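S.K.: Letter by letter, the chains look like this.
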Amino acid sequence: MRNAKLVAALVALTLPALPAKTHKLKPDEASRQFQKKLPKDKQALHALDRLTFGPRPGDVEQVRKMGVKRWVDLQLHPERIKENPVLAARLQPLESLRMTQAEVVRSYPPRQLIVAIANGREKLPDDPVTRAAVERLVQKYRAKKGDGAQTQDDVEPKTSITDILSGDQIRTLRTGTPAEKQQLIASLPENTIDDMIIALPQPQRQQLFNFVPVDVRRKIMLMNAPQSVLNYDLSEGKLYRAIYSNRQLQELLSDFWYNHFNVFLDKGADRYLVPTYERDAIAPHVFGNFRDLLEATAKSPAMLFYLDNWQSVAPAMANAKAKRPKQGRGLNENYARELMELHTLGVDGGYTQKDIVEVARCFTGWTIKAPRMGGGFDYNDKVHDKGEKVVLGVTIPAGGGKEDGERVLDILARHPSTARFISRKLAVRFVADQPPQALVDRMAAVFTKTGGDLRAVMKTMLDSKEFWSQGAYRAKVKTPFEMIVSAVRAVNADVTYAFPLANQIAQLGQPLYRKVEPTGYSSANAEWVNSSALLARMNFALALAQNRIPGVRVDTSHSGADPEQVAKAVLFEDVSAQTRAAIEKALAENKKPVTPALLTGLVLGSPDFQRR
Amino acid sequence: MTSRRFFLKSSALAMFGVGAAPAWLSRAAWAADAPSPRKKILVTIFQRGAVDGLNMVVPFGDPHYYELRPNIGIPKPNGTAQGATDLDGFFGLHPSLAPLKTAFDARHLAIVEAVGSPDPTRSHFDAQDYMESGTPGRKATSDGWLNRALPVEAGRRSPVRAVSVGSALARTLRGRNDALAINNLSDFQVRDAQSSATFENMYSGTLDKVLNGTGRETFDAVKLVQSIQKQTYVPASGASYTRSRFGQSMQQIARLIKADVGLEVAFTDVGGWDTHVNEVAAQPTQGQLSNLLSDFGQSLAAFYQDLGDRMADVLVVTMSEFGRTAKENGNRGTDHGHANVMLVVGGGVQGGKVHGDWPGLEPGKLYEGRDLDVTTDFRDVLGELVTRHLGNREVATVFPGYQPKFRNLLT
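Chains as they are written, first to last, in this note's numbering: chain A, -17 to 594; chain B, 6 to 416.
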């Protein structure tokens, strides 16, 4: 977003009319910074800043005690790290994250299933709340399909809340304190809760949302809109893993590779396809082989749907059978183009428009069984282009089938441009926006030598002098996701309801799973520094520290009142002179008492905390 | 960025110290720096979900229209509230858009028919993306055409030159030029005044090169926006915005324009147009489309009325990702189609006229046998506005790989 700054700096160098002075380091000075070794006492913090979602209290000491090298090595082998039991407890209620695709569709019915149920082709679900929600949607569908004369009342539940709860109980629900509401709900048997949720009108149901335990919250969401549970589970799962997992580098890389092979959650069926995509196609491969990761994404229904390959058919097929061309039929180049530009070679990786067409022809027939009903990968030989193709100079003979696409993946995964492109992208995330070329070259050489062993490439980077240099230290501005999770970790917050944090991340400009373009989010500093987003960071910092975010509890009562100490407690190093001066000024003016919580909020919103 | 910070340091705002600049002074400061006494302003509105252009501006003179739409066609102008509002004997406005007739008669509303994207996609997601990036068929474009449309300017730029009204920065405004997402003018601030001053000190003092410049601009923008927001707003000439999100968005844009804070481009959107079922109920002025168009037309008319003479500097343009099928479906609705209609409102338009080439609705003329065909690329319309209204001559960077053909929409 703020590439403007870079461009402006470059323009300033070439146009004499503009001031020639620039704040950017000269190239030789920048490269000197990458040669300068980071002092030993900063290494633990640097490692935590880069390989985790931010240090928690005590982490720096623990890494020092273990030895930075050993700690890094452990992060590269997550299977050797004992997982945090809190994480398992938080993930437990998020059922959709453990389901198969078909189960996801059954449990959170999409429109297609509602229509099928309305037409008697499918049965109603068994779970009472899901059943009630589906019945309501079926009625709505019928009402809409009819002449539109039916009103909203017709689709509201028939049972009244007065048949379920006593007058006192209803009063508590309406006007009770949060504690009273919580107590009431805790005292009700599960089937009464089910009946109550089904009977309450939507606005009243929604009012309970922030007070109830997680299982009741899920029932409320299910009743409101079954599909919303999926987005909720995905975001909560990602946040809990980022906040609580001891396997921090693995989580960070899962996020990195999801973003590299980005899929937009709200594109049609992708809502149903993303949970299994992240879990089964991305996560298992982050320390594995790039070729395997590439194929897992290529064959994932989520990607096939997102980049339209599931509809791509041989050009000759498009008009052959149908008298009237079916919409969207024909060769679709979208996946082929992004596969080369974004997933493997990079935009300057040496391919042509002709290559895009040839690659698209190779992937014709790679499709999905019943995409809107949660089907899996399917190869349809009938629509595959059987002709000869030439991809980046390699001839793929005529008469092939599914293996044509697999050949393309081989060619791309082995290509030197891919080794460079992937290595550079990792170095931009983990080292600096302008990583030293020599480092990228060494990583690329290892990528090529090992046939795309991603752990080996990471290790090369993490063993490099450039990674442990002054040039890399605090060189990155946190993305919104990183900022929010690092703040939660820095204050050791207890998170029992993570979704409000996802809303905050969206406010800061990075809605989880909702990057529309296949490019994914940028990790460049300039991207995240704009006025609205900065204000949102400051407001979030104050809200977090002052316990104004539902589901997140922070205890700052022991932080004391010394600004320097409060700052160090969350920054894990000394606060800058400018930030300290601003806080001291606030203390001196002392219009209203500066509490430890406010102090903490000010530090979390300060420029110091925006870097890692 | 040096230059920008230099200018900011020497600005009147900084001289008065933190928080001390009176509102009128900060506002005047931006206005004084503008290259022309008043900047040209482009307001873009996206109708998300693909509005049915054939029922929004009704081709009642095309004989095939009523054959294709026996149940949901809007009747010819017939003197009743259910008939189309005649524009030129061939086209008419949907009756719920009647408030726009005033602007049309004043020659301040131009309509472009059969306009759309050359890309054949009927996916909302892809088509919106292409229309916002300004690069049909190319998914990886990371910035939007409206951001690229901002003219390159020497000197100080207003911190509120580009505003997207909504909770997130619109795709079309993302890019190298700063753009603000403002959901509501009153939300654009640090919620606690004392902390705001402390943060301002931190961000203007920091040695962090990336955060310092933007930090300063942020607090300048906050002061500007808050100075506007604190006054109660009474729309001029009795203009009455609807209370919907769209109506309120249009009112906020009007406030920003009238406050003279240096706004150049604004964006907002309005959804719900995906009318597969019950698009038109028993009467043309009933059903989903009519409800949406009433809100849309009334808010647009209020904006036009509210701005009055200021419309001389302002253009409003509307767009939607694609049109809908020429033939109605079995559910009193329409499905995803191809070409659509765009409205351009402003003092500088060749208004009172329906522009574009009407390809006709006869079976042989329909795109893929089912949809109105595109005869004007949407970039032809936008390219002309960007070049001739905003004064940005670099149309090749706004719409890379495309040479817009101007349709003489402006005077």
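Keep in mind that the hints were calculated from the coordinates and are not lab data. Careful, some of the hints might be misleading.
[What the hints assert, rightly or not] Derived, one-sided and incomplete: chain B residues facing chain A with beta-carbon distance under 7 Å: (1) Gly252; (2) Val282; (3) Leu395.
[Claimed, not checked] Lysine-lysine pairs mimicking DSS-like chemistry, simulated, CA-CA at most 27 Å apart: (4) B:Lys214 / A:Lys447; (5) A:Lys574 / B:Lys235; (6) B:Lys214 / A:Lys24; (7) A:Lys550 / B:Lys235; (8) B:Lys214 / A:Lys22.
Bear in mind the structure is a predicted one, so any value in this text is a computation, not a measurement. Yeah, the Cβ is synthetic: ideal placement off N, Cα and C, and Gly gets one too.
S.K.: Please flag the earlier hints that this structure goes against, numbers listed from lowest up.
M.R.: Checked against the structure, the hints that fail are numbers 1, 3 and 7, while the rest are satisfied.
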